[in-house]
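Spelled out, the chains give:
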Amino acid sequence: MVSRFFQLGLLFLLPLLSGCGNGDWQLSAARKNVVMIEVTSQTWDYRLPWNPGTVSSARGAGFVIDRKRIVTNAHVISGARNLTVQREADPRKYPAKVIFVAHDCDLAMIEVEDPEFYKGTSDLQFGEIPDLESVVSVYGFPIGGDRLTVTRGVVSRIDYNSYTHSGRESHLAIQIDAPINPGNSGGPVMQDNRVVGVAFQGFRGDVAQNVGYMIPTPVIRRFLKDVEDGKYDHYVDIAIRWMPLENPAMRNYYQRPNDGLGVVVTDVYSEGSSDGVLAKGDVLLAIDGHPIESDGSVRLDGQPVQLEEIVERKFAGDTVGLEVWRNQKMEKKTITLRPAEMFSMYESLYEEPPRYVLYGGLVFQPLTANLMAVLVSNADLRLRQTYTLFGQDQLYRETPEPVILSSVLPDRSNVYLTGLAGQVVREINGKRIRTLADVLPALESGGERTVIRFEGDQRPAVLKKREVDQVMPRIMTQYGISQPHRTELGGRRLAKGSWNRDGEAK
Amino acid sequence: MKHSRIIFVFWAMAGLLCAEEDSSRGSLVRVRASIQPYDQFRPWQKKSPYGLNGTGVVLPGGKVLATAALVANRTEVGLEKPGSAEKCAAEVEAIDYEANLALLQPVDRNFLKGFSGLALGPALRAGDKGEVWQLERNGEMLRNQAEILSTGVGRYPSDEAGFLVYGVRVSLPKRDDSYTLPVLKDGQLVGMMMGYDRDSQEGSAIPVPMIEHFLKDAADGKYEGFPTLGVSWSPLRDPNLREEVMAPKSGGLLLTRVNPRGTAGRAGLREGDVLISVDGFKLDEDGNYRDPLYGPTAVGNLIRTRPTVGSPAKFRISRGGKEMELTGTYDRRARDEVAIPTLQFDQAPKYFVVGGLVFQELTGAYLQEWGDKWSERAPQRLVEYFTFQQDKRPDPEKKVIFLSQVLPSPITLGYQQLSGLVLVKLNGKEIHDLAELAKCIDETKTGDLVFEFRDEPGKLVLRAEDLPAVSEKIGQAYGLPALRRL
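Protein chains in written order, with this note's numbering: chain P, 130 to 635; chain E, 93 to 578.
Think of the hints as simulated: they come from the structure by calculation, not from any bench.
Quick caveat, the model's predicted, so the values are computed rather than measured.
Check the hints yourself; a few may be wrong.
Derived, one-sided and incomplete: chain P residues facing chain E with beta-carbon distance under 10 angstroms [to be verified]:
| hint | residue |
| --- | --- |
| 1 | S399 |
| 2 | E400 |
| 3 | D540 |
| 4 | V544 |
Taking CB as the label site, the calculated pair distances span [unchecked claim]:
| hint | chain 1 | residue 1 | chain 2 | residue 2 | range |
| --- | --- | --- | --- | --- | --- |
| 5 | P | R615 | E | E528 | 26 to 34 angstroms |
| 6 | E | L505 | P | G450 | 55 to 63 angstroms |
| 7 | P | T517 | E | L307 | 40 to 48 angstroms |
No residue lacks a Cβ here, since even glycine has one placed at the ideal position from N, Cα and C.
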C-alpha cells in the first residue's frame with residue numbers, strides 16, 4: 130500500500146532560505162498538534178467486484194485543529210478498516226474513526242474518542258495564501274525513519290492543479306520547491322505559526338525534482354465550513370466551457386470593444402448549474418461583480434485567478450451573479466450552484482463497494498473510472514470512446530451510466546460468449562439499458578431467451594433463461610461469489626438524463 | 093471482420109552493392125525504389141527520402157512483378173540486371189496495396205530482352221515443397237528449399253479484411269532489404285514472399301491465385317482491384333444464437349452489419365441475415381467454405397480472390413427462418429466510397445491554409461502519423477470519426493475537414509493552441525470538402541468568416557479583408573511552397 134502514497138501523497142524536504150517568525154515557538158505549536166496516522170485499508174477489486182478487496186497498511190500524517198478534530202488527506206484514510214493515531218509527545222497509539230471525507234479535494238476529518246489523546250494540543254490558526262518566494266515548514270513522517278520530520282521550502286507557484294486522488298477535480302494548489310517522499314500526506318504546512326496548507330501530492334523523482342503540492346487554506350476552510358452541517362457535499366460546478374476572447378476579429382464578431390474583458394461561453398452542460406440560464410455564445414463580462422479579463426481571469430485579493438475560483442469557494446445552493454452580453458444587450462443572470470453529478474463517472478470511487486450484476490457467468494458493471502482503470506489495457510476502442518466522450522458529448526443524457534459486460538466467467542454454458550467481454554451493453558430483451566438499475570428488470574423480462582445487444586457491430590449474446598437459473602449456483606460456487614448482484618446506488622448520484630421517458634413507456 | 097487497424101510493414105534500408113555481369117537466368121531483376129512519403133503533419137512537404145531494394149520477378153513479356161510495399165510512396169523506381177550495373181527506370185503499371193502486388197514496366201521496352209521470364213505455376217497446398225530464390229550480390233542465384241506450412245486467409249500489411257496467404261518455412265541465408273522474393277516450384281512462379289522472420293525461419297507469401305487475379309485485372313490497362321462484400325459477420329456456432337436468429341440446421345454465418353453501398357447491401361442482404369452460401373459454396377458455422385484445392389477456407393477468399401469486380405454474385409440467405417436467394421454484382425464500393433479513406437499511399441495530402449489556420453481532410457494516413465498507438469494519441473474526435481465510420485456510414489461525399497494546427501499570425505491571436513477540431517460550417521453553411529471550403533473563403537471578400545467546429549471552442553472568426561495580406565506573409569514566414577492543395 131506504500132505505493133499508493135508514493136503516487137498521491139508526498140512530502141517536502143528543502144533547506145531554509147530565509148527565516149520567518151519565531152522559529153522555536155512555531156515548531157512547538159506544530160509539534161504539539163501533528164499526528165502520525167497508521168491505516169489498514171481495503172481496496173476494492175473491480176476485476177472481481179464481489180470480493181472484499183485487498184488489505185494493505187500505510188502511514189500518513191495529520192494535525193489536530195481544535196483540540197478535538199484531526200485533519201488529514203482523504204487518500205490517507207480512504208477505504209480505512211482500522212485507523213490509529215499517535216502524537217510526538219505520547220507513545221500510545223489511539224484508535225480513530227473517520228468523521229468526514231471529501232475525495233474531491235482530498236481532505237478528511239478523523240476523531241479520537243479518548244480525551245487523553247488531546248491533552249497538550251492547542252487550537253491551530255489558519256493563515257492565508259502565502260506569498261510567492263516566502264518560506265514554509267512542512268511536518269510529517271516520511272520514509273527514512275519513524276520520528277516527526279520537519280522540512281522547509283519556498284512557495285513556487287500558486288495555481289489551479291488537478292487533485293489526483295479524485296481523478297477529475299482541479300482546485301487551487303500551491304507548489305513548493307521541496308522534494309517529496311511517501312508517507313507524509315496530510316501533514317500541516319506552517320508559516321508564522323499558522324497552518325497555510327496540507328501537504329498532499331507531488332511528482333515521482335523520475336518526472337520532476339523539487340515539486341511538491343499543498344492544499345491551500347481556501348480549500349481547507351471550505352471543507353471545514355461544508356461539514357458544519359454534519360455532512361460533506363460535493364464541490365459545485367458552473368458546468369460551462371468557455372473560451373478566451375482575445376482575438377480582435379472574434380471580439381468584433383461578438384460586438385465587444387477592445388477593452389480586454391470577457392470570455393465566450395462555448396458549451397453549457399445539460400443538468401448543470403447554468404443549464405437554461407447561460408447559452409453558447411454568451412459573453413461573460415463579470416462574475417459576482419469582478420470583471421472577467423479576456424483570458425478568463427479575475428482579480429481576487431489582488432491576485433489574478435481563474436474565474437472558477439469564485440465558484441470554488443461557494444456551496445451547493447449558493448448563487449453566483451453574472452453580467453452577460455447576449456444579443457448585443459447586457460443582461461444580469463443568477464445561477465444557483467450545484468454539483469455536476471453527470472461527470473461523477475470520472476471520479477475514482479473509494480468507499481462504496483463496486484456494483485455489478487452476475488447473469489449466467491456474464492458480469493455487468495457500470496462504467497466508472499475504477500472499472501476503466503482495470504479494463505484500459507485491453508479496452509475496445511468503442512468502450513474507450515464511450516468513456517472519453519461521455520462528458521464532452523453529454524452522453525449522460527442518453528445513458529447516465531453506461532453498462533459494460535465487464536467479463537464472462539467461463540462456464541460450459543457460456544463457451545461462445547467469452548469473446549464479448551468489454552462490450553458496451555445497448556439493450557437487453559429489447560429494453561434500452563441506461564443505468565445498472567435497468568439490467569435486472571430487463572433480464573427478467575422477455576421470453577424464454579434473453580438477448581443482450583451491444584453497441585457497434587458485435588453479435589448479440591443469447592442465453593436460455595432456464596439454463597441460466599440452473600447454472601447460476603454452480604458458477605457462484607466455482608467462482609466464490611456470495612451475492613449474484615449488488616445494485617444499490619448508495620451515496621452515488623447520477624445524471625437524470627433527458628431521453629423521452631413517455632415515449633419509452635408506451 | 094473487425095475494425096481496421098492498418099498494419100505497416102517496414103523494410104530496413106541497406107545499400108546493396110552491385111557487381112558484375114551475367115544475367116542469363118533471365119527470371120529475376122533487382123528493384124531499386126527511392127521512397128519519400130508525405131509528411132501528414134506538415135502536408136506541404138515530404139519527409140526524408142530513402143531507398144529500398146528488392147527482387148522483382150520478370151514475367152513472360154518483359155514486365156516485372158514486385159510487392160506493392162516495395163514501391164509505396166515512391167519518387168522513382170529503377171530496375172537493375174543481376175550481376176551487372178545495367179539500369180533502367182521503370183513505371184508502375186498497376187499497383188494494389190491491399191493485395192500487396194505491383195506490376196512494373198521498364199521504360200526501355202528492350203531492357204529485359206533476352207529474359208525468358210517466369211510462368212505462373214499451380215496453386216500449392218500445405219506440405220508442398222518449393223524454392224525461394226534470392227539474388228547474390230554478384231548475380232548468382234541462391235535456391236533455398238522451402239515448404240508450404242499452411243494455406244489460409246490472413247492479414248496483409250495494408251489490408252483490413254484478409255486474403256489467402258501461404259505460410260512458408262524456408263532458411264534464407266542472405267539478409268535482404270526487403271523480403272520481396274519469388275517462390276518457385278518446378279521452375280514456375282507459385283508465390284511472392286512478402287514477409288520473413290529470421291528467428292523462426294518462417295515467412296508469408298502471396299499465393300499464385302492472388303497473382304493471377306492481379307495480372308488478369310491489370311491486363312486490360314484498367315486496374316479495378318479485388319472485390320469486397322461490405323459486411324461484418326459473426327460465426328454461428330452458438331446454438332442459442334442460432335435459435336434466436338432462426339438459422340437453418342447447420343452452417344451459415346450471421347451478418348452483423350451490411351454496408352448498403354457494398355456488394356451484399358446492393359444485392360439486398362441485411363443486418364441479421366444468415367448467409368448460407370455464396371455462389372453455390374456452402375458456408376459452415378465458422379465462416380469457412382470447402383475449397384476444392386485448399387479444403388476448409390475462410391469466406392474471405394471466396395468473395396475476394398475468386399470473383400472479379402463486375403462478375404455476378406449469388407447469395408443464399410435465411411431471414412427470419414425463411415430461406416431465399418439474392419443476386420448481385422461483385423464490386424468494391426464499400427471499400428472505396430468512404431468519407432475517410434483508410435489506405436493512402438502515393439497521394440499528396442490535401443490542405444488549405446487560411447490566415448494561419450491549417451485545414452486538412454481526415455484520412456487514415458493522417459491518423460497513422462501519430463504512431464502505433466494512434467488510436468490513443470491522435471485527437472479523440474478524429475479517431476471517433478474514423479472508427480465509427482462503419483457505424484454511421486456517412487455520405488462518402490462528405491469529407492471530414494479539420495483544423496490540424498494554427499500557424500501563429502497577427503490574426504490568429506488567441507487561436508494558436510487549437511488543433512484537431514472538426515469543421516462543421518462556414519458562415520452557417522455546411523462544408524463537405526476542402527475545395528468547397530476554399531471556394532467559399534475565396535468568394536468572401538469582406539466581413540466575418542465564422543468557422544463552426546464540432547467541439548470547443550465552437551466558433552472561430554477571421555475577417556475576410558485581413559486575409560490577402562496575412563496569407564502572403566504566412567507563406568513567406570513559414571516557407572510554405574503553396575497555401576493550398578485541394
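Hints, verified against the model:
1. S399: violated, 15 angstroms
2. E400: Constraint on E400 (chain P) not satisfied, violated at 18 angstroms.
3. D540: violated, 14 angstroms
4. V544: holds, 8 angstroms
5. P:R615 - E:E528: 26 to 34 angstroms: Distance hint for R615 (chain P), E528 (chain E) is violated at roughly 54 angstroms.
6. E:L505 - P:G450: 55 to 63 angstroms: Given range 55 to 63 angstroms: violated, Cβ gap about 30 angstroms.
7. P:T517 - E:L307: 40 to 48 angstroms: Hint holds: Cβ distance 46 angstroms, inside 40 to 48 angstroms.
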